[in-house]
Amino acid sequence: MVSLKHVGKQYDTGAPILSDVSLTLEAGGFYFLTGASGAGKTTLLRIIHLGELPSRGRLLLFGGATAGLDAPARAGLRRRIGVVFQDLRLIDELSAADNVALPLRIAGAPERRIRDNVAELLAWVGLANRSEAPVGTLSGGQRQRIAIARAIVHRPELLIADEPTGNVDDDVALLLVRVFERINRLGTTVLIATHDIAFAHQFEHRRFHLERGTLSDVSAGSDAAAIE
Amino acid sequence: MIGFSFAWAPRNLPLGRDAAWHFLPWVVALMAYLAALGAIGLIVAQATVRATDASFAETMTLQVPADTSNARLETVLAVLRQTKGIADAHLLAPAETARLLEPWLGPKVPLEQLPIPRLIDVRIDPAAPPDLAALRHQLASVVPDARLDDHRASLGRARSAAGRIEIVLSAVIVVALVLIAMSAVYAVRTGLSIQRASIEVVHLLGAPDIDVARQIAMRYLQLGLSGGAIGAAAATLTVVAVGNPGAFLLVPTNAASAATGLADWRFWAVLTGVALTAGLIAMASAAVTVLRWLARMP
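Which chain is which? The protein sequence lines are A and B, in order. First residue of the first sequence: 1, per the numbering used here; consecutive thereafter. First residue of the second sequence: 1, per the numbering used here; consecutive thereafter.
The set of hints was computed from the structure by calculation and includes no laboratory data. Worth double-checking, as some hints may not be accurate.
Covered, in the sense of this in silico footprint (three residues per stretch, anywhere, with C-beta under 8 Å from a C-beta of chain B), are these stretches of chain A [stated by the list, open to error]: (1) 45-54; (2) 82-92; (3) 168-181.
Heads up, incomplete: computed chain A residues facing chain B, CB under 10 Å, no partners named [to be verified]: (4) 5; (5) 68; (6) 72; (7) 74; (8) 75; (9) 76; (10) 112; (11) 115; (12) 218.
Keep in mind it's a predicted model, so treat the numbers as computed, not measured. Note that the Cβ used here is the ideal one computed from N, Cα and C, for glycine as well.
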């Protein structure tokens, strides 16, 4: 599904953010990526999502190399990925439903399917009654849930979420992880980045830890094959 | 799976909410107005030259010295009427000549006391014009000082003046169209800086650059067309107010009204063409600007 081989990232002459990261995510897996703020989690996710180019190393997505792809091909890969951005990146002028519908509209889905999927997803995240509200009027936690609904509304093959539980209380965070597990059971590979190591430990999923640009597998009974 | 649909385009990006959307149609309207007047002027100039050409091609004027005897005048007329290619020759009466000279000399000048040449208006067959060299030679044998004017000098001056006017009007049109493109690029850049976050989201969610550019370009097509339509309407009002487009060029009324009037299809073609061109230029400028901007994103 995702394979990073000796990936490094450095901006100009600054310190390297990622040193030599190799990682394989199997199709259908559920993974946590932990690490303190500034450890490089967001950069790693951006590289996987093609929002950033690695300074060195290789990224393979869905079995194919990503280096040298043209813009339409990169856009095509992005449409197969659902993303929850750390800063959410909702469009405040649009309603909650229209924000959630964006990936489907970009994919040219029929309006009826869009309506059905959006209504279903808003119900999943407990915001069915706020569908027409402009997202600029929603609370931080509600916005977070809208961002999550948008990331999974098109049933992506890969879901990457950057601190998706950062703005919600523990109960809602647990609910959101259950939503991710639900989408995972439908076949989506899930990678969740969080600084909250204790929170990630609550679940029986594979965990990788990023520290000073280096990745390690910290899962209980870790499978060394995941990190080369 | 991936396709562009007009149905979702306006809802996808929150477009139409920055100041550029308000000023662009008016800037385009002003430029379209100038371009439309320039284009109408071009048509009038070209039609006037054509009409003048046709008019001069069918007539000549023969000047005979004032002291020429009536017998010689009759001989000259006979020569003209017998010449192949000449349809008619008409000796202007002194009163007719006086009317022609009145604008230059005024009504109170006693023309009968002046050595005013006699004028013969000659109409020729444009399909088989006479041999002018032979005709001049023949006329000289009757009246040595007779002067046959085939209007080439006047026509040359008119053509030259019209050519200079056409260059100026063409420059006005080109400048107006370039300014439409520059205004659209400026408006798009302003809009992109304001909507950067929204467009980045759509880009990161996998929208093809061409779809994003097309959506924005279609909106600029609307803006350009509405601006072009406003400019064209203003040009129409100007033409109606002026009454005769030919007045711009100080050309004879009959030639100008034949060239461009509200009943002339070319007038409407120009206005439609200017409005469409304004829309297409705005659309193309927007598309190129957005695509170049998106190409810099990862």
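Verification of the hints:
no.	hint	in the structure
1	45-54	holds (count 5)
2	82-92	holds (count 5)
3	168-181	violated (count 0)
4	5	19 Å, violated
5	68	13 Å, violated
6	72	6 Å, holds
7	74	8 Å, holds
8	75	5 Å, holds
9	76	7 Å, holds
10	112	12 Å, violated
11	115	12 Å, violated
12	218	29 Å, violated
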